[in-house]
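Each protein sequence line maps, in turn, to chains P and V. Numbering follows the working numbering, with no gaps: position 190 of the first sequence is 1137. Numbering follows the working numbering, with no gaps: position 90 of the second sequence is 336.
Note that these hints are calculated values from the structure, not bench results. Just so you know, even glycine gets a beta-carbon here, dropped at the ideal spot from N, CA and C. Heads up, some of the hints might be wrong.
Stated by the list, open to error - Among chain P residues calculated to face chain V with C-beta under 7 angstroms, some are:
#, residue
1, GLN1067
2, GLU1069
3, ALA1070
4, PHE1074
5, ILE1081
6, ILE1085
7, PRO1088
8, GLN1089
9, ALA1149
10, LYS1162
11, VAL1169
Said to hold, decoys possible - Residues of chain P clear of chain V, computed beta-carbon distances all greater than 10 angstroms:
#, residue
12, TRP972
13, LEU990
14, ILE996
15, PHE1020
16, GLY1025
17, SER1073
18, LEU1076
19, VAL1080
20, SER1092
21, ASP1125
22, GLU1133
23, PHE1135
24, TYR1145
25, ARG1161
26, TYR1166
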Amino acid sequence: MGYGDEGFTIYDLLLWAEGLGITLWIFILSTVIGLVLGVLIGLVRYYHITILGKLLMIVSESLKNSPVIVQLFLVYFGIPALLQIDMTPNMAAVITLSGNTAAFVAVIVISSIESIDRRQLEAARSFALPKLVILRHIIFPQSLSIAMPMLVSLAINQLQVTSLVSVIGVIDLTRVGDIVNQRTFEPFIVWPLIGLTYFILAKLIAIVGMRLERKFSAYRLVGEL
Amino acid sequence: MIEIKKLHKNFGDLQVLKGVDLTLKPGEVVSILGGSGSGKSTMIRCINGLEGITSGSIFVDGFDVSNKKELLEVRKKCSTVFQQFDLYPHLSVLENITLAPVYVLSSSKKDAEAIALDLLDSVGLADKKDVFPAQLSGGQKQRVGICRALAMRPDYLLLDEVTSSLDPEMTAEVLDILKKLAREGITMISVTHEIEFAREISDRIVFLDQGRILSDLPKDEFFAGDGGLADPRIARFLSKMGEFNGQA
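Isolated chain P, as found in the complex (with noise of 0.2 angstroms):
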């Protein structure tokens, strides 16, 4: 079964999955990351740490309003010829899918932040709470409320932009499905059937972000009296 093959092999369903695993690792690391990081950033600028915040936010804009596609080459062959590092293909990817994805999550958290009512975090500071317990008991889960159905958004999101990577060669599921249909002549199965799996996995965030959001919504959907 070497090249020239028609017709599909059991090898094209083990390379599916290898691909798809490429595509689940970059985005989950890449969304894990970029939370952690859009979280800070919204942070320092929602605190007014000067300086930081409008280097930040300089960062950000030009992340946010750049193509990803772009921003990838940037990385994989910017990063290593200025810094005299290797990149992997995959760190690369990695890298560039954190901080895009960093630069949308700041927004929300600023955003989710903002509208809160003021004046329940006043009642805070009049009870001489500190500012690290009124950000963890009384922002935090609030935000987090409202931030949710535009982090489900932006992480679906995410994943359909994880596609683009196949351009600086990660072989995830689109590049699978580029190598797959090479060889069998067949874009008509193979391309319903990769999108279908980005269907589904966009299905499931989407499903799992919904329980997400009724959990942390609850104290906002109870009836009033």
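Given chain P, put chain V in place with the hints provided.
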């Protein structure tokens, strides 16, 4: 003792407080009356540092409000009940009350909950301990607000127009609780529109007009015909409130 001296507070060009002097002794209940824009809410917000002061000084048991470290001590001594309740909407009634005792007074969760339950029981809301604020009526929310304030075992209770967002029936249920507290000897400073309530609980009535104290009199003198009422501005205010029938 709360000592306010020559307190000025400006918001930009607007002078809200123009040199207020006021002393509150332990055990005293003082009501601050005055029209809207007289600066009475601003004054109470200056005491717990929610508004910075422009000039003058406020000391609470010797702690300086304008000193960041000492302000924390002030805030531990003064608990505020707010006009709009300002409960934490994502926490249960019980958690609303125990948050500050646990994290500020370092009470154990168990102790804090026991105290909170006692307080809830005393305001008739023990059965509401696990619901969210959104599930309560305005009057119930404010009763929880009072419990939250009392759970800190404050030396001073600051009441910032606590019944202004409530309808008359709910107002009555909240005022009943505050009257009971006043009788128990808690030190209170209350900004209010409720003249009858002020008359019932206060030792002293302070009348604020355009950022200045117009009169600061023992209750009986304030309501006497030749006392505070002799001032036409106060008489006009009281008649406007419609709650005062001109008893001399």
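Okay, the hints, checked on the actual structure:
no.	hint	result
1	GLN1067	holds (5 angstroms)
2	GLU1069	holds (5 angstroms)
3	ALA1070	holds (4 angstroms)
4	PHE1074	holds (4 angstroms)
5	ILE1081	violated (9 angstroms)
6	ILE1085	holds (6 angstroms)
7	PRO1088	holds (5 angstroms)
8	GLN1089	holds (5 angstroms)
9	ALA1149	violated (29 angstroms)
10	LYS1162	violated (12 angstroms)
11	VAL1169	holds (5 angstroms)
12	TRP972	holds (34 angstroms)
13	LEU990	holds (19 angstroms)
14	ILE996	holds (18 angstroms)
15	PHE1020	holds (44 angstroms)
16	GLY1025	holds (44 angstroms)
17	SER1073	violated (5 angstroms)
18	LEU1076	violated (6 angstroms)
19	VAL1080	violated (5 angstroms)
20	SER1092	violated (7 angstroms)
21	ASP1125	holds (47 angstroms)
22	GLU1133	holds (52 angstroms)
23	PHE1135	holds (50 angstroms)
24	TYR1145	holds (34 angstroms)
25	ARG1161	holds (14 angstroms)
26	TYR1166	violated (4 angstroms)
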